[in-house]
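If you want this note's numbering, it's the position in the sequence shown, counting the first as 1, plus 48.
Hints should not be assumed to be uniformly reliable.
As a list, the in silico EDC-like pairs of lysine to aspartate or glutamate whose alpha-carbon atoms are at most 16 Å apart [stated by the list, open to error]: (1) Lys119 <-> Glu134; (2) Lys110 <-> Asp83; (3) Lys110 <-> Asp58; (4) Lys130 <-> Glu61; (5) Lys110 <-> Asp68; (6) Lys105 <-> Glu133; (7) Lys105 <-> Glu61; (8) Lys105 <-> Asp115; (9) Lys118 <-> Asp83; (10) Lys118 <-> Glu61; (11) Lys125 <-> Glu86; (12) Lys118 <-> Asp57; (13) Lys105 <-> Glu134; (14) Lys105 <-> Asp68; (15) Lys119 <-> Asp83; (16) Lys119 <-> Asp68; (17) Lys112 <-> Asp68; (18) Lys125 <-> Glu61; (19) Lys130 <-> Asp58; (20) Lys112 <-> Glu93; (21) Lys125 <-> Asp58; (22) Lys105 <-> Asp57.
Label pairs and their calculated CB-CB ranges [stated by the list, open to error]: (23) Glu55 <-> Thr135: 15 to 25 Å; (24) Lys118 <-> Gly89: 32 to 42 Å; (25) Leu138 <-> Gly109: 25 to 35 Å; (26) Arg56 <-> Lys136: 20 to 30 Å; (27) Thr127 <-> Asp107: 33 to 43 Å; (28) Lys136 <-> Asn63: 12 to 22 Å; (29) Glu133 <-> Asp77: 15 to 25 Å; (30) Glu55 <-> Lys136: 18 to 28 Å; (31) Gly109 <-> Lys136: 39 to 49 Å; (32) Glu133 <-> Glu61: 13 to 23 Å; (33) Arg91 <-> Glu134: 14 to 24 Å; (34) Arg114 <-> Val69: 19 to 29 Å; (35) Lys125 <-> Asn63: 17 to 27 Å; (36) Tyr59 <-> Val92: 16 to 26 Å.
Derived by calculation from the structure, the hints in this document are not laboratory data.
Just so we're clear, the structure is a prediction, and the values are computed from it rather than from any experiment.
The beta-carbon is built from N, C-alpha and C at its ideal position, and this holds for glycine as well.
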Amino acid sequence: MIRIVNERDDYLEVNISGVDVSIVGSVTDYLNTLDGVEYAGYRVEHPLTGEITLIIKTDAGKLKARDAVKKALANLKTTLAKLSEETKVL
């Protein structure tokens, strides 16, 4: 489940639950490679609740925060599809 806590053109804070922290870490890594992203990070609120907060700060003139997330997810999807294809030969 994803719940938006705070959103502006240059800032997005979302609470995520029911997702492994490694997925959020991968999204964060992709976010930090995008031109226009000034900061992307996450914190695990508590290991027993499974709630993770993802925070993105962008230069809104270059890239809106919501668009940055969409772009990072698309890049991750492409990478995972490529990895899936490459592992079929194993």
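Results of checking the hints against the structure:
For the given pair, Lys119 sits about 23 Å from Glu134 by alpha-carbon distance, which is inconsistent with the 16 Å threshold. This hinted pair checks out: Lys110 and Asp83 have alpha carbons roughly 8 Å apart, not beyond 16 Å. At most 16 Å may separate the alpha-carbon atoms for a hinted pair to count; Lys110 and Asp58 meet this at roughly 9 Å. Pair hint Lys130 plus Glu61 does not hold up; C-alpha atoms about 29 Å apart against a cutoff of 16 Å.
Our distance criterion of 16 Å between C-alpha atoms is broken by Lys110 and Asp68, whose separation comes to about 30 Å. With a C-alpha separation of about 33 Å, the suggested pair Lys105 and Glu133 falls outside the 16 Å cut-off, and the hint is violated. At roughly 9 Å between alpha-carbon atoms, Lys105 and Glu61 fall within 16 Å of each other, so this suggested pair holds. For the suggested pair Lys105 and Asp115, the alpha carbons sit about 12 Å apart, so the restraint of at most 16 Å is met.
For the hint pairing Lys118 with Asp83, the CA-to-CA distance comes to about 14 Å; that is within 16 Å, so the pair holds. Distance restraint check for Lys118 and Glu61: the Cα-Cα separation of roughly 14 Å lies within the 16 Å cut-off, and the hinted pair is therefore satisfied. The suggested pairing of Lys125 with Glu86 is violated, with an alpha-carbon distance near 22 Å, which exceeds 16 Å. Restraint check: the Cα-Cα separation between Lys118 and Asp57 comes to about 14 Å, which is no more than 16 Å; the hinted pair holds.
A threshold of 16 Å between alpha carbons decides the hint, and for Lys105 with Glu134 the separation of about 34 Å lies outside it, so the pair is violated. In summary, the hint linking Lys105 to Asp68 is not supported, as the alpha carbons are separated by about 22 Å, beyond the 16 Å threshold. The suggested pairing of Lys119 with Asp83 holds, with an alpha-carbon distance near 11 Å, which does not exceed 16 Å. Taken as a hint, the Lys119 and Asp68 pair is broken in the structure, with Cα atoms around 20 Å apart against an allowance of 16 Å.
With a C-alpha separation of about 25 Å, the suggested pairing of Lys112 with Asp68 is violated against the 16 Å cut-off. Between Lys125 and Glu61, the direct Cα distance comes to roughly 21 Å. Violation of the 16 Å bound is thereby established for this hinted pair. For the suggested pair Lys130 and Asp58, the alpha carbons sit about 31 Å apart, so the restraint of at most 16 Å is broken. Note on Lys112 and Glu93: the hinted pairing is violated, with a Cα-Cα distance of about 25 Å set against a maximum of 16 Å.
Only pairs whose Cα atoms come within 16 Å are accepted, and Lys125 paired with Asp58 is rejected, the gap being roughly 24 Å. At roughly 9 Å between alpha-carbon atoms, Lys105 and Asp57 fall within 16 Å of each other, so this suggested pair holds. In this structure, Glu55 and Thr135 break the distance hint of 15 to 25 Å, their C-beta atoms being roughly 37 Å apart. The hint said 32 to 42 Å for the Cβ distance between Lys118 and Gly89, and at roughly 18 Å that hint is violated.
Here the CB-CB span from Leu138 to Gly109 is close to 45 Å, at odds with the stated 25 to 35 Å. Between Arg56 and Lys136 the beta carbons are some 43 Å apart, a value that contradicts the proposed interval 20 to 30 Å. With their beta carbons about 25 Å apart, Thr127 and Asp107 fall outside the hinted range of 33 to 43 Å. A hinted range of 12 to 22 Å for the beta carbons of Lys136 and Asn63 is inconsistent with their spacing of about 36 Å.
Separated by about 21 Å at the C-beta atoms, Glu133 and Asp77 satisfy the suggested range of 15 to 25 Å. Checking the proposed 18 to 28 Å range against Glu55 and Lys136 shows it is violated: the Cβ atoms sit about 39 Å from each other. Separated by about 42 Å at the C-beta atoms, Gly109 and Lys136 satisfy the suggested range of 39 to 49 Å. Separation of Glu133 from Glu61 is about 35 Å and departs from the stated range, judged on CB atoms against 13 to 23 Å.
Take Arg91 and Glu134: their Cβ atoms lie about 33 Å apart, and the range 14 to 24 Å is violated. In this structure the supplied range 19 to 29 Å holds for Arg114 paired with Val69, their Cβ-Cβ distance being about 22 Å. The given range of 17 to 27 Å is respected by Lys125 and Asn63, whose C-beta atoms sit roughly 22 Å from each other. Between Tyr59 and Val92 the beta carbon distance is about 20 Å. The supplied range of 16 to 26 Å therefore holds.
The structure is inconsistent with the numbered hints 1, 4, 5, 6, 11, 13, 14, 16, 17, 18, 19, 20, 21, 23, 24, 25, 26, 27, 28, 30, 32, 33, although it conforms to all the rest.
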